[in-house]
Every structure is written in structure tokens, then in C-alpha cells.
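Student: In case you want the letters, here they are:
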Amino acid sequence: MKKIGLSGNYAVAHAVKMADVDVVAAYPITPQTTIVEKLSEFVANGELDADYINVESEHSAMSACIGASMTGARVFTATSSQGLAFMHEVLFIAAALRTPMVMANVNRALSAPLNIWNDHADAMAERDSGWIQLWVSSAQEAYDTTLMAFKMTEETRLPVMVNLDGYILSHTYEPVELIEEETVRKYIPSKPLVNRLSPKTSFSVGVVGPPEYYFEMKYQAIDAIERSRSTISKITTEFNRSFERSYDDIGTYGMDDAEYALLTMGSMTGSARVVAEEWRRKGIKAGVISIRTFRPFPVEIFRQKVSGLKGLGVMDRSSTPGGPSNPLFCDVATCLYGLKERPVLQGFVSGLGGRDISLENFRTMFKATMDAADTKSPKPCMYVGLRE
Amino acid sequence: MLEIRWHGRGGQGAVTAAEILATAVIKENRYAQAFAAFGPERRGAPVLAFTRISDSEILLRSQIYEPDVIVVLDKNLCTMEGVGDGLKGRGTVVLNTSHPPANFVDTFPQAGKIATVNATKIALETLGSPITNTAILGALVKVTGIVKIDTLDDIFKERFKIYADKNVNMARRAYKEVTIMERGV
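First to last, the protein sequences are chains A and B. Letter by letter, the first sequence follows residues 1 to 388 of my numbering. Letter by letter, the second sequence follows residues 1 to 185 of my numbering.
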């Protein structure tokens with residue numbers, strides 16, 4: 001199929017249009033804005049038959065999405081950074097009420113100082129909200145993953161957040177192969193979901209859950225995301241087969257025989273691979289692992305992928321100030337703790353607030369990971385690219 | 001891999017030019033990335049944009065520090081301090097200016113090729129507005145042969161709709177009028 005030049009944000013907008021959503025409720029925020037700008041254009045010129053609700057805040061956007069989802073509508077919203085933070089309390093409600101919806105989160109740093117550029121602090125702050133979190137490394141993957149996300153949210157009845165790095169993916173034009181709209185409509189047919197707000201089936205939602213009930217109800221939401229693992233894998237495998245792609249919960253390069261690897265999320269993956277290829281040409285068995293499905297964390301698959309590895313460098317693009325380590329590193333260490341044989345872990349924080357992670361920075365991280373593994377003595381978290 | 005850095009001022013279309021070139025390369029079934037150094041955008045302020053071009057899939061996502069080609073859309077930025085930073089040895093420079101290429105040897109000592117075109121004049125006469133991006137694209141295509149000029153025409157038609165013809169004419173006129181100086185460095 002013919003590739004065209006599209007930005008990551010426009011790729012997402014095209015996926016949402018092809019998914020034939022019923023409701024878009026959104027509030028503009030950089031660098032997400034061009035997604036909903038494009039969608040409002042599609043609605044205005046008749047290419048997309050949807051209700052576009054201009055709300056007065058992200059808190060209202062998420063609330064409107066929950067209400068719309070309860071009527072059985074297919075729902076989409078997009079946000080970034082402070083906008084996602086403003087949705088915070090409502091995100092937990094969306095997950096626990098089991099309202100299907102897809103949200104694109106165009107990753108951006110949190111203030112202060114005010115910063116519109118990329119890091120992963122916004123999504124990490126919502127890690128525990130009960131949403132499925134997917135991360136992409138290209139505009140093509142943003143498009144494909146958004147399509148899959150609609151299927152995932154409707155089959156699991158859990159909201160799905162598709163994360164794409166601000167500017168680095170959202171505003172970069174690159175080749176994207178769009179699937180024929182008719183084919184997409186067959187892939188995710190508009191099937192009416194249950195209308196929980198119908199007067200015919202009157203019951204209450206969002207009621208008080210006192211101590212006698214809250215625990216069980218919360219556990220159902222916890223159990224739902226635990227059980228969503230198999231559904232996510234199934235949908236990804238089907239998508240790969242239908243559209244000749246090769247996505248997995250965890251992406252890998254060179255991991256069949258790698259001795260040293262970097263663990264990445266999002267747009268860092270490509271540059272990490274360039275450096276891994278460079279090191280392979282020098283005879284060093286280097287690899288890259290990238291987490292595509294961050295929640296639910298693919299624990300078993302992750303353990304398989306790192307087996308036999310001597311050293312693993314974990315790249316966080318956010319931080320947990322005052323914590324034992326940073327979000328991704330903590331997850332990785334937890335996954336490996338119970339294993340007898342496990343790689344030496346070296347933690348890194350890089351690229352906060354849009355600081356470029358250069359090839360030289362990646363080389364530094366590969367080298368530090370090798371040193372940590374060979375001497376079996378990792379350093380405390382290294383802040384790579386930070387001026388002294 | 002070919003890496004291009006675009007210098008312009010807000011409103012001249014440097015970001016759009018970077019995107020159009022990438023889109024044209026993709027239309028010719030090769031690989032390209034276009035991105036900008038986004039900041040607090042405002043009309044008239046210096047802006048930077050980038051295009052990366054390759055025959056194979058582009059994995060790299062860091063910024064461009066050592067461009068093969070530097071393009072300057074604003075005539076007053078041609079000798080701005082830092083405009084030539086990082087240019088690869090024997091690299092190419094394409095400038096919007098009324099002056100001949102020889103005047104810029106000191107600014108771009110490492111350049112192997114310096115090309116000049118009066119894009120502002122072409123834009124004012126054709127479009128009636130000093131938006132120089134499509135004219136400079138025509139000159140760049142002549143100097144480097146990155147894409148066919150016909151491919152640029154196609155992209156202008158898709159992107160500019162009623163202004164397509166004027167942009168086609170601008171690019172084609174700059175393609176003809178650009179002055180190229182080769183230098184043995």
C-alpha cells in the first residue's frame with residue numbers, strides 16, 4: 001500500500017476518523033491540539049459523522065467522555081501534560097466504571113517551569129489509574145495502535161491511553177501507510193455497546209461504595225486489567241495477521257543472543273537501535289527492548305526476553321523524586337526480583353522537558369550498562385545529558 | 001542519509017518547507033522525516049526546521065547537529081552568527097539573497113557548494129507576499145536533485161489548493177534563476 005507523509009498527530013486523527021467514532025470531547029492543549037483540530041475539521045466537512053463537544057476544560061472532557069461512553073457510544077479524546085493532570089480524578093472513575101474509550105496522550109513534561117516539550121511525567125503520574133497504557137515509537141505505530149485500541153477498549157471494557165511523544169512523534173512528518181477506510185470499518189465495525197443510561201434499564205452508576213462494598217468493587221477493576229493481558233495479545237496478533245505488521249507487547253531488537261541491552265519506551269526506541277546496530281558491528285552483542293504495553297505490564301514476556309542477558313540499562317524519561325528509583329526501573333526490578341538469574345540493572349534518567357537524547361547520550365548509556373554488568377557493580381541512577 | 005537544516009523567520013514557512021520536502025521524498029517511495037525546533041512561535045522570530053532523507057527506514061530521532069545542507073529563507077539571516085554551525089565539510093548552502101554566492105564564502109568556509117536566489121523578489125512578484133519557502137524549495141531541488149520538480153508541483157497542488165499555481169510558478173522560477181558556485185575545499 002502507498003505511504004504518505006503524515007505527522008504522528010494527523011496519523012492518530014485519521015485512525016479515529018476511520019474508527020467512525022460517535023463522540024469526541026476535547027479541550028486543546030499543546031502538543032496534542034492538532035489531533036482534535038483535524039478531527040473537528042473532519043466533523044465540520046462531513047467526513048466524520050460524530051458529535052464534537054467543545055468543553056471548557058479537560059476535567060469536563062473526560063467527564064463528557066464517561067457519560068457518552070455509558071450510552072454505548074464510541075468515544076475519543078486527546079490531551080497532554082497539564083491537561084491529563086487536570087483529568088486525574090476523573091481517570092480513575094472512567095476505569096472503575098468500566099467505560100470504554102480511547103485517549104491519545106501526547107506526552108509532555110509537567111510544570112514548573114512551564115515546558116511544552118516531551119517527557120513521560122504526565123503518563124507516569126496516571127500509571128495507577130487503572131487505564132490500559134500503550135506506547136508507540138513511530139507515526140505508523142501511532143496510527144495502527146489507535147485502531148487496535150478501539151478494539152481493546154470495547155473487548156476489555158477498560159479505557160485505553162495511547163501515548164506518543166510530544167513533537168518527536170506528534171509533529172514529525174514521516175511515511176505512514178493508511179489502511180483503506182472500508183477495511184478499517186470491517187475490522188472494527190460500529191456495534192452499539194450497552195446503553196447503561198437507557199430509561200428502560202434504570203439503575204444507578206457512580207454510587208457510594210462504603211467499606212462493606214468498595215474493596216470488592218475495586219478488586220473487580222484490578223482483576224479486569226489483570227485479565228486484559230490475553231485480550232490485548234490476541235488483538236495484537238490478529239492485527240498483525242490482517243495487516244502484515246509485527247507488533248508485540250514488548251518490542252525487541254537483537255534479543256535472540258544479546259548480552260547487553262537498553263530498555264526504552266516510546267520514541268527513544270529508534271535511536272537506541274541505531275546505537276545497538278553500531279555496537280554489533282564492533283562485535284558486541286547489543287540489543288534493545290521497548291515496552292509497548294506498560295499497563296498491564298507484560299511481566300512473563302518481559303522475564304523471557306531478558307533471560308540470558310548480562311546487563312540491562314533502563315531508560316526512564318520521568319522521575320520519582322525521593323523514590324528508591326524511577327517508574328520504569330522500579331517495575332523492571334520488581335519483575336526480576338524473584339528470579340535466580342537476572343541481568344545487572346543500570347538506571348538512567350534522560351530527556352526531561354524535551355532535552356534531546358543524542359546518539360552520544362545513547363552510547364554513554366550502552367557503555368555504562370556494559371561496565372555495570374562486567375564489574376557487577378551498577379552506579380546509582382545516572383542523569384544523562386544533564387549539565388553539571 | 002542526507003540531513004538538512006532550515007533557517008527562517010516565523011511566517012516565511014520554514015517548517016512547511018521542511019514538511020513539503022519530506023512529503024515529496026515519501027511520494028517518490030523513499031524515506032524522510034521533517035521536524036522543527038518548536039518554541040514559543042511568533043511571527044518574525046528566527047525558527048529552525050529539519051529534514052532527514054534516506055533510502056532506508058529512518059530510526060534515528062535525535063536532533064540534527066551536522067547537516068549536509070543549510071537553507072536560509074530570510075535574506076537577513078544569511079550572515080547571522082551561528083547560521084553555518086555544524087555544516088559538514090563540502091556541504092551545500094542555499095540562500096535567499098540578491099547577492100552572488102562569492103559574498104558568503106567567509107560565512108560558510110566549509111561549504112563545497114553555495115547557491116543564491118532572490119526568493120523574496122520572486123515571492124513578492126508572484127505571490128504578492130514575502131513568503132519565500134516554495135521559491136527556496138525550487139532552488140534547493142535544482143542544487144541538490146533530491147526530488148523531481150514535478151513531485152514538488154504535486155505536493156503544492158495537494159497542500160495549497162487555490163494558491164497551488166502561484167507556488168508552482170515560484171518554485172519553477174527559482175529553479176531556473178538560482179546561481180550555483182562550486183568550490184574546491
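The reader is advised that the hints may include incorrect statements.
As the list claims (entries may be wrong) - On the chain B side, residues computed to face chain A include the following (Cβ under 7 Å):
#: 1; residue: 22
#: 2; residue: 35
#: 3; residue: 62
The set of hints was computed from the structure by calculation and includes no laboratory data. For every residue, glycine included, the Cβ atom is placed at its ideal position computed from N, Cα and C.
Student: Taking the hints in turn, state whether each one holds.
Tutor: Each hint tested on the structure:
no. : hint : result
1   : 22   : 5 Å, holds
2   : 35   : 4 Å, holds
3   : 62   : 5 Å, holds
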